[in-house]
Amino acid sequence: MTEQGVRWSAEQVLSLAPDAASRTAGGKLGTAGPWSEAGSGEGTVWGLCKGSGSRPYQTVADLADPAGPAYKCSCPSRKFPCKHALGLLLLWAGDDGSVPASAEPPEWAEQWLAGRRKRAETDQPRAEESSQAATADPEAARRRAERRAERVTAGATELEQRLADLLRGGLAAAGQAGYGLWDETAARMVDAQAPGLASRTRELGAIPASGAGWPARLLEECALLHLLDQGWLRRDRLPDALAATVRSRLGLPATADGAPVRDHWLVLAQYDSVDPKLTTRRIWLHGAASGGTRLLLSYGAAGRAPELTLPVGLALDAELSAYPGAGQPRSALGERFAPPAPATFRPPGTTTAEAVARYGEALRADPWLESVPVTLDRVVPVPDGDLWQLADADADCALPLTRAARSRPGLWRLVALSGGAPVTVFGECGHRGFTPLTAWPQHTDEAIPLC
Amino acid sequence: MNGTSSADAATAAAPSPWEDLVTTALLGTDRRPAAYGGSGREAPLALLDEAAMATVRRRAGLRPARAARRPEPAPEDPRPALPGAAARRLATLLADRSAGSGSGRRGSSPDLMELLPQWLATANARGYAAPPQALPALLDAARGRTDLRPAALAFAGPRALWLARLNADWRFALRAAPGGGARLPDLGDTEAVRRLWREGLFAERVALLGALRAGTPARARELLASTWAAERAEDRLMFLDSLRAGLSAADEPFLERALDDRGRTVRATAAELLSALPASALAARMAVRAAACVALDRTRSAPGIVIEPPLECDSGMERDGVVAIPPAGRGERSWWLGQLVESAPLGSWPGRLGGRTAQEIVALPVSDGWQGELHAAWCRAAVRQRDAAWSRALLGSPSAPEAGGPGAVSLAERAKLLAALDSAERAGWVAGFIATHGLSEAFQLLGVCAVPWAAPLGRAVVDALNIARDAGSYPWSFSGVMGLAERCLDPAETVRLEGLLAIPDEPDDAAPGAGGYWAEAFQRLMTTLRLRAQMAEELAPPHGGPPAQPPEAAA
Numbered sequence: 001m002t003e004q005g006v007r008w009s010a011e012q013v014l015s016l017a018p019d020a021a022s023r024t025a026g027g028k029l030g031t032a033g034p035w036s037e038a039g040s041g042e043g044t045v046w047g048l049c050k051g052s053g054s055r056p057y058q059t060v061a062d063l064a065d066p067a068g069p070a071y072k073c074s075c076p077s078r079k080f081p082c083k084h085a086l087g088l089l090l091l092w093a094g095d096d097g098s099v100p101a102s103a104e105p106p107e108w109a110e111q112w113l114a115g116r117r118k119r120a121e122t123d124q125p126r127a128e129e130s131s132q133a134a135t136a137d138p139e140a141a142r143r144r145a146e147r148r149a150e151r152v153t154a155g156a157t158e159l160e161q162r163l164a165d166l167l168r169g170g171l172a173a174a175g176q177a178g179y180g181l182w183d184e185t186a187a188r189m190v191d192a193q194a195p196g197l198a199s200r201t202r203e204l205g206a207i208p209a210s211g212a213g214w215p216a217r218l219l220e221e222c223a224l225l226h227l228l229d230q231g232w233l234r235r236d237r238l239p240d241a242l243a244a245t246v247r248s249r250l251g252l253p254a255t256a257d258g259a260p261v262r263d264h265w266l267v268l269a270q271y272d273s274v275d276p277k278l279t280t281r282r283i284w285l286h287g288a289a290s291g292g293t294r295l296l297l298s299y300g301a302a303g304r305a306p307e308l309t310l311p312v313g314l315a316l317d318a319e320l321s322a323y324p325g326a327g328q329p330r331s332a333l334g335e336r337f338a339p340p341a342p343a344t345f346r347p348p349g350t351t352t353a354e355a356v357a358r359y360g361e362a363l364r365a366d367p368w369l370e371s372v373p374v375t376l377d378r379v380v381p382v383p384d385g386d387l388w389q390l391a392d393a394d395a396d397c398a399l400p401l402t403r404a405a406r407s408r409p410g411l412w413r414l415v416a417l418s419g420g421a422p423v424t425v426f427g428e429c430g431h432r433g434f435t436p437l438t439a440w441p442q443h444t445d446e447a448i449p450l451c
Numbered sequence: 001m002n003g004t005s006s007a008d009a010a011t012a013a014a015p016s017p018w019e020d021l022v023t024t025a026l027l028g029t030d031r032r033p034a035a036y037g038g039s040g041r042e043a044p045l046a047l048l049d050e051a052a053m054a055t056v057r058r059r060a061g062l063r064p065a066r067a068a069r070r071p072e073p074a075p076e077d078p079r080p081a082l083p084g085a086a087a088r089r090l091a092t093l094l095a096d097r098s099a100g101s102g103s104g105r106r107g108s109s110p111d112l113m114e115l116l117p118q119w120l121a122t123a124n125a126r127g128y129a130a131p132p133q134a135l136p137a138l139l140d141a142a143r144g145r146t147d148l149r150p151a152a153l154a155f156a157g158p159r160a161l162w163l164a165r166l167n168a169d170w171r172f173a174l175r176a177a178p179g180g181g182a183r184l185p186d187l188g189d190t191e192a193v194r195r196l197w198r199e200g201l202f203a204e205r206v207a208l209l210g211a212l213r214a215g216t217p218a219r220a221r222e223l224l225a226s227t228w229a230a231e232r233a234e235d236r237l238m239f240l241d242s243l244r245a246g247l248s249a250a251d252e253p254f255l256e257r258a259l260d261d262r263g264r265t266v267r268a269t270a271a272e273l274l275s276a277l278p279a280s281a282l283a284a285r286m287a288v289r290a291a292a293c294v295a296l297d298r299t300r301s302a303p304g305i306v307i308e309p310p311l312e313c314d315s316g317m318e319r320d321g322v323v324a325i326p327p328a329g330r331g332e333r334s335w336w337l338g339q340l341v342e343s344a345p346l347g348s349w350p351g352r353l354g355g356r357t358a359q360e361i362v363a364l365p366v367s368d369g370w371q372g373e374l375h376a377a378w379c380r381a382a383v384r385q386r387d388a389a390w391s392r393a394l395l396g397s398p399s400a401p402e403a404g405g406p407g408a409v410s411l412a413e414r415a416k417l418l419a420a421l422d423s424a425e426r427a428g429w430v431a432g433f434i435a436t437h438g439l440s441e442a443f444q445l446l447g448v449c450a451v452p453w454a455a456p457l458g459r460a461v462v463d464a465l466n467i468a469r470d471a472g473s474y475p476w477s478f479s480g481v482m483g484l485a486e487r488c489l490d491p492a493e494t495v496r497l498e499g500l501l502a503i504p505d506e507p508d509d510a511a512p513g514a515g516g517y518w519a520e521a522f523q524r525l526m527t528t529l530r531l532r533a534q535m536a537e538e539l540a541p542p543h544g545g546p547p548a549q550p551p552e553a554a555a
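Protein sequences appear in the order of chains A and B. Per my numbering, the first sequence starts with residue 1, numbered consecutively. Per my numbering, the second sequence starts with residue 1, numbered consecutively.
Pulled out of the complex, with its shape left as it was, chain A reads as follows:
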């Protein structure tokens, strides 16, 4: 691969930013003005950035590391990457000659890079050791798992009791009770070490305020919660795969022990959902050869960006291992064989009818599934009163967009991109409708993120 080939686009660089403020700050530094002695080579970029102080900041970014990009900057910022690293990468992405490809990094950059490479080599065996250490005492691990299972069973039993009480008294009464009732029950489920039950319970609290038709939605969610309880309480009678699905829905720890699949994985979408305590990043990948669509999850503590970043439109040569459970798309990223590079293909698409059929099919393996990842080919965004839908260009079928998708600015990017003509759209298709995440216009393979 030539140096030219691995240069990222500015969007891809900006998607590394931990927050909006960094994006802006980094964007401003992405000009030749404050930089000096900048250079790049072998997937690393370095430069000196003039700040407010007398000494310029020394900034290095290492994109070649298969474990993900790494940054080093002498500025005091605690953000990773800091605005200087972003600005430097933007400058490099702009490719206007201000970051020439030079063979030798300056000494200060070379030191850090060499240190990283050395650590990466020694890390490999250590990681193996530690995984051995974790399983060193299988007896203790089994006892721990048993104790936890007991607590979850107690929690599930208690939740069943509460659901029974609720249905006995009627949902109408619960609608008036507000969040308090659910928050308290959710807290009990946290104590029972069943985070899956806790988060589902907490979400029940919002349904009575969600507008017309709430009783039906509340009953649906109560019923699925009940189904999950029952699944756990009778897990020994379930097929192994379904039992694993129940465990994963309950939020019990699992390891990605599926056989590693090596492929060219195209990054379809990356988006964060933020709640006060945790930022969850979802990254959808499409395997060029395997044809599968897999999900990577990465977490960040409150206000910090999750560590894993894969800009949309890049493809990486890597191994993925699936987590256990039937119908679970979640995988873990294993070994990466090359740094991500811009991809020139798009995933194969399907029709809207096929998309909902796929969702129905997937429910057989996982009845709690909210949506499945689908690429729709040749669809047109169409206004439908206050709603929007994606209509097949060649058939009279359409998928409504979810409420969340309607209120995002990405909707208008999608509409503008289409201009009434068919586009390819990747998104999540479920019982609430379709959430578009990425689009490809008619004639180019350039992916436009919508989220």
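It should be emphasised that the hints constitute simulated quantities derived from the structure, not laboratory data. Owing to the predicted nature of the structure, the values given are computational and were not obtained by experimental measurement. Among the hints, erroneous ones may be present.
Listed next, the stretches of chain A that the computed footprint assigns to chain B, with coverage defined by at least 3 CB atoms under 8 angstroms from CB atoms of chain B [said to hold, decoys possible]:
(1) 156 to 165
(2) 405 to 415
With the Cβ distance kept under 10 angstroms, some of the chain B side facing chain A (calculated, not the full set) [to be verified]:
(3) Pro-73
(4) Ala-363
(5) Pro-365
Even for Gly, the Cβ is constructed at its ideal location relative to N, Cα and C.
For chain A, the structure is supplied; the task is to place chain B on it using the hints.
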């Protein structure tokens, strides 16, 4: 897709099993015991069993919905696509809009939002099409800043109008577009033009008139004249105002008739338009009236001007647009004089005042303190008649000591006078002004200079900034000029700024820390200039001109 919340149309008649379940759940199994106990489980749990099954069954059986009526496809944009680097630059400029600008101190990084107008102007001049995915941000930016609208909408192109019809937030784009977003008829189609003129909404008619006036001024005037008497007074005013563009002697008969209009404001506008035509009959009448008031003083040895303001405002003057009642605090005779001189053709004065040139006339002393009144009226006339010689004369020498003070000619009037000069002369005059009087009064004058600033002007501004720094004041006293310089200085001047970046030793009498702030401000100036140079380069047409077809069409 029939979502779970929307009831099936088929089940409207009889309650479905699912609706029955919901009703029971809502009331509670205690109140509505039902047949869910069959499995031997408690009624509420049996209900949940049923509901779980029904939920999964319903979700698994979802079908796509019928497609709604599809929108008309957006019209093709024939312009070539933006180069990749320029498209990314646009995204960065637009992304800066939402963030930043709230914080007080700007530091040394450029203010990207302020560069957007320039970027748009260059992109429009090069004739590029906007990338579709940037249209929403572009429309939002234009929505927030009316000054951006014309350029942003021109760049956004036909697809943006298509998009604006789908989103109420962007209605402004349709209003701003000619014909309220509806397409104007082919201007060559006389019948369609007449029909729209007769039946169209007011905005459509204004747009039609403007479009016609741009190409064939005479047709626009004839169209207006055909229905003139039947129009409402406020509409007549607006229509008359659109004749300002492309005004020529051919419009005179029509305007002369409008002097007898029922509406006072219509009459005033007609008079104003006529006085901008030095060859018009009205201008000639005004010249006669004005000449009666201004004469050479032959009683003294040195030549001078003597003023005899009009004694009354007769009906003829009123018909020609002279306002009889002065604003509070002004004498009526001087008020009338001002209006007469302002409407008289400037070309008539040399003949009246002994064959002198404009320069010589302005230099003549004026008796009895009338100079201010007379010169101010000449200034207004020079602006209205776009007379370069008189503008030059009235502006005087930029380095004259009184030019910096509150002389007869205010800064606002000077700025208007400068507009009548060609851009090089204008820049030269402002450069001379800054060299003598510094920057504190220069902001308004700099605003009328062509961008990028001509070399002498740029040099004068940089030198003056340098002097201000050495004088020890803080840079934000000059933030207006600094901001202008960032936007208007020629990027080629960057070299001259190199020396200003160092933090100088602070003299004892300087404001504390000012040196550092100045270095930062110059740093920002230089970064912005570099960025502008880079922006222009990114937008440069590819070698061999823009491709005749978008590249993907060839693939």
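Would the stated hint for B/Ala-363 survive a check requiring a Cβ distance to chain A of less than 10 angstroms? Not OK, violated: B/Ala-363 not within 10 angstroms of chain A, min 49 angstroms.
Classify the hint on B/Pro-73 as holds or violated, based on whether any CB of chain A lies nearer than 10 angstroms to its CB. Nearest chain A Cβ about 4 angstroms off; hint holds.
Between the region 156 to 165 of chain A and chain B, are there enough contacts, at least three residues with CB-CB distance under 8 angstroms, for the coverage claim to hold? Since 4 is at least three, the answer is holds.
May I ask you to test the interface hint for B/Pro-365 with respect to chain A, counting a Cβ-Cβ separation under 10 angstroms as satisfied? violated, 55 angstroms
Per-stretch coverage check for the region 405 to 415 of chain A, three Cβ contacts closer than 8 angstroms to chain B: Since three or more residues must qualify, the claim that chain B covers the region 405 to 415 of chain A holds, with 4 doing so at under 8 angstroms.
Checked against the numbered hints above, the structure violates hints 4 and 5; every other hint is satisfied.
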